[in-house]
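Here the structure of chain R is known, so what remains is to put chains Z and L with the ligands in place on it, guided by the hints.
Here is what each chain is made of, one letter per residue.
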Amino acid sequence: MTGLRRTARRALFASLAVALVLVGGCVGGTPQAASDPAADNARKIWDLFMPIFWMSVVVFVIVQGIIIVAIIRFRRRPGDPVPHAMHGNTKLEIAWTLAPALILAAIAVPTITTIADLARNPGDEALTVRVIGQQWWWAFEYPDSGVVTADELHVPVGRPVHLELESKDIIHSFWVPRLAGKQDVVPGRTNTINFTADAVGEYSGQCAEFCGAQHANMKFRVIVQTEEEFEAWLQQQQQPAVEPQPGSIEAQGKELFMTNCRGCHTIQGTEAEGKVGPDLTHFGSRQTIAGLVVPYSTDNLKQWIHNAPSVKPGQPGRSIQMPAFTALTDDEVNAIAAYLESLK
Amino acid sequence: MSHANAAAAHADAHRTSTGLSHNKLLMWTFLASDCMFFGSLIMTYMVYRGRSVTGPYPDEIFNIPFTSVSAAVLLLSSLTMVLALAALQRGKVKVFRVWILATALLGTLFLGGQYYEFTEFSQHGLGLGTNLFGSSFFVLTGIHGTHVGLGIIWLLTLFALSFRGLVRQDNAEKVEIAGLYWHFVDIVWIVIFTFVYLLPY
Amino acid sequence: MAQSAFTLERSAPQETALSRLWSWLTTVDHKRIGKLYFFTSLFYLLVGGLLALLIRTQLAVPNNDFLSPDTYNQVFTMHGAVMIFLVVMPLNAAFFNYFVPLLIGARDVAFPRLNAFSYWVFLFGSLLLAASIVLRTAPNAGWFAYANLTNNTFSPGHNLDYYSMGLQVLGISSIASSLNFVVTIINMRAPGMTMMRVPIFAWMTLITSGLLLLALPSFSVGLIELAFDRLFGAVFFEPSAGGDPVLWQHLFWIFGHPEVYILILPAFGYISEILPTFTRKPLFGYPFMVYSGIAIAILGFGVWAHHMFTVGLGTVPNAVFGTTTMLIAIPTGVKIFNWLGTLWGGSIRISTPLLFAVGFLGMFTIGGISGVMHASVPIDYWQTDTYFVVAHFHYVLFGGALFAIFGAIYYWFPKMFGRMLNDKLGQVQFWIMLVGFNLTFFPMHLLGIDGMPRRIYTYTEEMGWATWNLVETIGAYMLGVGVLLMAYNMFTSLRSGQPAPADPWDGRTLEWSIPSPPPVYNFAEVPVVSSRDELWERKLKKQAVPAAVKGGSGEEAEGIHLPPPSIVPMIAAFGLALAGGSMVFKEWILVGIGLAILLFSIIAWSLEPNE
Ligand code: HEA
Ligand code: HEA
Ligand code: CUA
Ligand SMILES: [Cu+2]
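Protein chains in written order, with the working numbering: chain R, 1 to 344; chain Z, 1 to 201; chain L, 1 to 611.
Chain R on its own, in the form it takes in the complex:
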């Protein structure tokens, strides 16, 4: 085992590490990759990061390089004399105080301008949405149109979006990595965040401040649509809930819903006006269930209705969760699911 081989391995490792960062920065296939921005906000952040990253690489390579060279060159060999007792060098001290200071200045200036940039008021044409975070789902309210949805935020492409973030219970954090940086959702405060999406598509987001047992499952989606699609969506959401055909399975589901679920959920145009859970007026148009990590499917919906806590297990003693309805028969669950899916 010679020190040379060790240091060679170390050098190899260092370069490997650098290579890994590059790979991480470029590879796709990760729906929440900050390295793949799709809105101005996230892009400004990434553009700020890249140069700082490269400066960091340089700093690291210098430091690590000196270490490696020193260890190879100055390794003790038998019979070596005691080295010259070098106590310090003021010029060097000044140099290596100033050099980092300059690098930092180069980082600080764009940092400060970007802070200001991201906080800039988006202007009047912006779409304002109220975002209400709560254990463990998100409500989105469009004040201009009165539309309310859960865990799915629809916004138009190319138009600034201005989000007003509020919390119903504890601190959460609103985060869609490809669109914008985070902003905490703090009870008693209204924080804001702005972004302008530049491509149609679906963007995955998730709560980023630890908020209890189901923090991991406090997910949501931002659906960026063309202006027309978005307007159409708003129109449709403003309709009262679809009324099922009398005698149909959906009607049966509605009846069951009104006995079991109306205390917590609202379906506009019906007597269900509960405020505890998400507004389900247009649940049939959703692609997610309760911000779960699992994808949407009718089976999953049934499972949710039948026993929500088994899908999103909370902490014992907490009351805000949707309860299990294990007493409902399969047929009844089918009926409720059919009703909810009909609520386009």
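Just so you know, the hints here were simulated from the structure itself, not pulled from any lab data.
Here are some, though not all, of the chain R residues that point toward chain L, as calculated from beta-carbon distances under 7 Å: (1) 45; (2) 52; (3) 60; (4) 63; (5) 71; (6) 74; (7) 83; (8) 88; (9) 108; (10) 116; (11) 118; (12) 170; (13) 181; (14) 184; (15) 188.
Listed next, the stretches of chain R that the computed footprint assigns to chain L, with coverage defined by at least 3 CB atoms under 8 Å from CB atoms of chain L: (16) 29-41; (17) 92-98; (18) 206-216.
Where a beta carbon is used, it is the ideal one built from N, C-alpha and C, also for glycine.
Relative to the frame of chain R, chains Z and L with the ligands by itself:
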């Protein structure tokens, strides 16, 4: 050889690099830390000033004249503390006892005043959990009161020890250190009194 | 020599298991207390590491249900709390205790019984936290336990009462021992040892202790307020009453940020002792090392809000705190470069302590640089609460603090126990750990880039995080192997290791001038110091090495005044912990009993003869 060494070692046990005794340095260092402690408590109070959403509010229940008197009592106790130390340093143990007891009594009087004030407030409907004012007020002043209480125990211990000849002119530093603590607690009260009672709400 | 030392310490004439135990319970010898800290915190390293392995096992694959969500939350909270409060801090305390008096040429700390008290409070406080793990009601709101998740509505159960009481008790221990070290270092330096001759490790101890004294009270107040909210219905963090959960964050981080320098400054100390010894060169730029340490401590008080960039403090505070945070890179850089200057031109002896020191330089730099990235506020909008942050702080905490501590263990173990550790095994351990460490924590940067939030107990396949998570888990098990190797190394060394000479590394500072392990009284003659590397200079000038190396006689030692053993510190600590522990269950009678025990033992303490 061994005698010389022992003597040197003994002398060494009392040598300090700064000339300040360990105990005194300890007390000063502790007080610096305690400053931050009270600083954080007062900061909490100041941050929450005027942010209670329900009453009772300070101006409804504070009895400034009463509290001024009890603050004066505490201030007076600093004076008696100085007198106690001065007496001991001059070797007058009996006089010392009188003043140290007086200091402890004044401290107790202050605590009595605080007890009265607390019961009075709770009769006006201010509890620990009533509002932010209640929480931050009671915890701040209560912790200060606890400091005073510990100080009283300390003073009384010194008083008692003086009868066993353990508090003397040549170790008056013991009393001096207790005095540092006592004056500190006193000064903290002046700060609290200013910020909590006197600042217009 | 060691024999006569023992006679001094021992109170019972006949050596029995009981009297040995008693001698440990009543010890006020800084070296024994140091050993107690040492083994207690190594035990907690296994606990904290085991919790880390649970985390890594759960996250190894997507949709894993190895741990339930609530268990996971308890596990990561306790992993963080244990590693910080029960591993790194007390391991540092172990070395403060053992080596500060030796380095400054003192016979003990300024307040030996207060020192014992600190240890026992630490032990009982840690047992309170450990009990919560065993009872499966451990704190589960993260190591910084943000309000108002921690109030009674959202956290029923005792979990967070253990947090508030356990950490409060531990805090008292830290305050007590910091007071002790400040006084010791300022007041007990050997004759001739001016502040500018104090070995850097002792300097860093002084700064660390000062930081603790000034930073910890803020957290204590936060914990008091939390306890009042939870136990007595106060409304400090209750938004419905106007309370502001963000106040907790301020109180926490005003402590929490200085805390990270409390964790790393001692590490800077170890490195500054190890490098000169293994390069046979004096530390490069000693005064700059001192000043930069002070600068870091002072700046450290003005940056806490960099943990709160996304809370909504406003653009101006964010810009200010971001900039002040970056400034800390300057004094830290000064340290790094001075260490490089020490290496450069030296005569470098490759052995385990040096390898860990050099590993520290590389790994800590990576962690420091990612810290600077966080300090760039907009970047932190993205990086905060992701695995990028987890990567940052493991690079500075493990690659920094713990690597340095491992180096210190290999460096000072021979002095503490009189036996050498196996250097070959140590080097193998180092390489396993270096590779395992980077496998575990480097990919966390990439996961941060890929948008993986921290503190999630599960994730799905679609997120594309599975591969790196698996790699990390493999790395974590490698680290486990490394830790076990070290445990094995210590174990065999204690049983049958090669006896250590007084000065195995050709050292420079005073601790190497006395036998390994040192006699109870440390220095038969208190050395008179005339330079920074006192022993080295004496060796160079072929001057008399202090008497003890030549082996003083027991006779000499008899005359040395040593504080007598006492059980009172332990009883006092027990009272304090009993009061704290009973608060968790609102057992007021027991709280009263605990406080009474505390009070009476303190009075008894002050009546005990001499200190
Ligand atoms: C040992 C502990 C330790 C140390 C030393 C540091 C050091 C630093 N830390 Fe770190 N930090 C933590 C432990 C530590 N940190 C922990 C535990 C957390 C997370 C807590 C939690 O959320 O759970 C955290 C989180 C944290 C955050 C918040 C992240 C977030 O949650 O969003 C930030 C933000 O600014 C930050 C910054 C820094 C900086 C700038 C330094 C600087 O001091 C680093 C300075 C060092 C260098 C820069 C390297 C050497 C310098 C040179 C070679 C000179 C040249 C370099 C340049 C010019 C860049 N840290
Ligand atoms: C000094 C501090 C320190 C150290 C050393 C470590 C060490 C490790 N940490 Fe650390 N970690 C923190 C401090 C530290 N951590 C903090 C503060 C947090 C934040 C917590 C929070 O969010 O609140 C955190 C969070 C954290 C997370 C994020 C959890 C989450 O956000 O969900 C992860 C995930 O991988 C992790 C992993 C590890 C691993 C694999 C190690 C490994 O390096 C561990 C290696 C050690 C071993 C593997 C021990 C080996 C022992 C055995 C094999 C024997 C066991 C047997 C017996 C007991 C007899 N840690
Ligand atoms: Cu909400 Cu995490
Ligand atoms: Cu910090």
